[in-house]
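Visitor: Once you've looked at the hints, dock chain L against the given chain Y.
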Amino acid sequence: MVAVSVSQRIASDDQLARLLQIGIVLEEVVEARAHHHYQSLDAELDEEIEDLLADAADESAEHRRRLESLIEGLGVESVPFDEIEELVGARYGRTQPEDFDGVLYDQLCNEETAYKFYDDLIQAIEESDAEFSVDRAELLDELHAIREDEAEGVSEVTEVMERR
Amino acid sequence: MNTADQYLKTIYVVQKQEDGPASTGSIADSLGVSPASANEMIGKLEERGLAEHEKYKGVRLTDDGIVRARDALQTYCIIERFLANVLAVEEFRDEARELEAVIDDTVAERLDTIIDRQPECPDCFDPETDACACLEIAAAPVEPDQ
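Taken in order, these protein sequences are the chains called Y and L.
Note that my numbering numbers the first sequence so that position 86 is 86, with each residue one more than the last.
Note that my numbering numbers the second sequence so that position 85 is 1085, with each residue one more than the last.
Just so you know, nobody snuck in bad clues.
Result set (EDC-like, lysine to aspartate or glutamate): computed pairs, CA atoms no more than 16 Å apart in a straight line:
(1) L/Lys1055 - L/Glu1040
(2) Y/Lys116 - L/Glu1109
(3) Y/Lys116 - L/Asp1104
(4) Y/Lys116 - L/Asp1105
(5) L/Lys1016 - L/Asp1123
(6) L/Lys1044 - L/Glu1054
(7) L/Lys1057 - L/Glu1018
(8) Y/Lys116 - Y/Glu152
Derived DEER-like restraints, expressed as beta-carbon distance ranges:
(9) L/Gly1025 - Y/Glu152: 45 to 53 Å
(10) Y/Ala145 - L/Glu1091: 30 to 38 Å
(11) L/Gly1049 - Y/Ser69: 42 to 50 Å
(12) Y/Glu77 - L/Thr1106: 24 to 32 Å
(13) Y/Thr95 - L/Ser1034: 36 to 44 Å
(14) L/Ala1036 - Y/Ser155: 40 to 48 Å
Hints in this document: simulated from the structure, not taken from any laboratory.
Heads up, the beta-carbon is just placed ideally off N, CA and C, and yes, glycines get one too.
Isolated chain Y, as found in the complex (with noise of 0.2 Å):
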């Protein structure tokens, strides 16, 4: 018999952690595609999309280090970048986007997705009245400020796309 729990909150550090976690390969993700896209570019360079997709990376990257900052708080692990990027690099033929258009489209996809996920996170620490290892006004405010920057690349991007 399946058994599916209907829970919406986190209630321990254990899943916490698993959450930060998932938020760090999220930004590795978002980090080792905007290499391949920068790389991929090489024949044609067009200078608003290398520089927005270097910018994207750096900020990726920084996320990466804010948020392996607070699982270390945890006592947890992170993740490590080298296979993911691997992980990325195999699998980036079947996704890989043909044309500027597309590049921005996956952007945009990352930006929002990265959005989404800090938003329900932030959402399911609010619900929960569990006592966590770190500091929870610290721990909030940090990812309300992970967020704000998605918001503001999601803004950035469309502005790109809608000038082109």
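Guide: The following block gives chain L in isolation, referenced to the frame of chain Y:
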């Protein structure tokens, strides 16, 4: 995955298991909720044209409900496979159940870009083990024949 999707997924699986309409009792058992809660949500699914409830028989998903349920099941398979193969989580089934409510379909789709999901998904889902039947877990080393 929202609560409605969790119900749709469960009804779909119970319907397959029972080879007919899913009884409210089985749905409630599977979700670990009271029959009253299950009835309330089934009513909402009916209002949205996703399920039909026949008195004394049980619940049957509509075509739209089946599409949504299969999407939800696929999202669940992605979460299980991601936990097992990327994060090497041993208790991936338990954790998938704990985390599915917080992982949205769009997030699962992005995670799907780095996992090796089988084309038959979500038909690969096995209700008995509550997992993707073709999910490869690093097995314990096999003892060589003596």
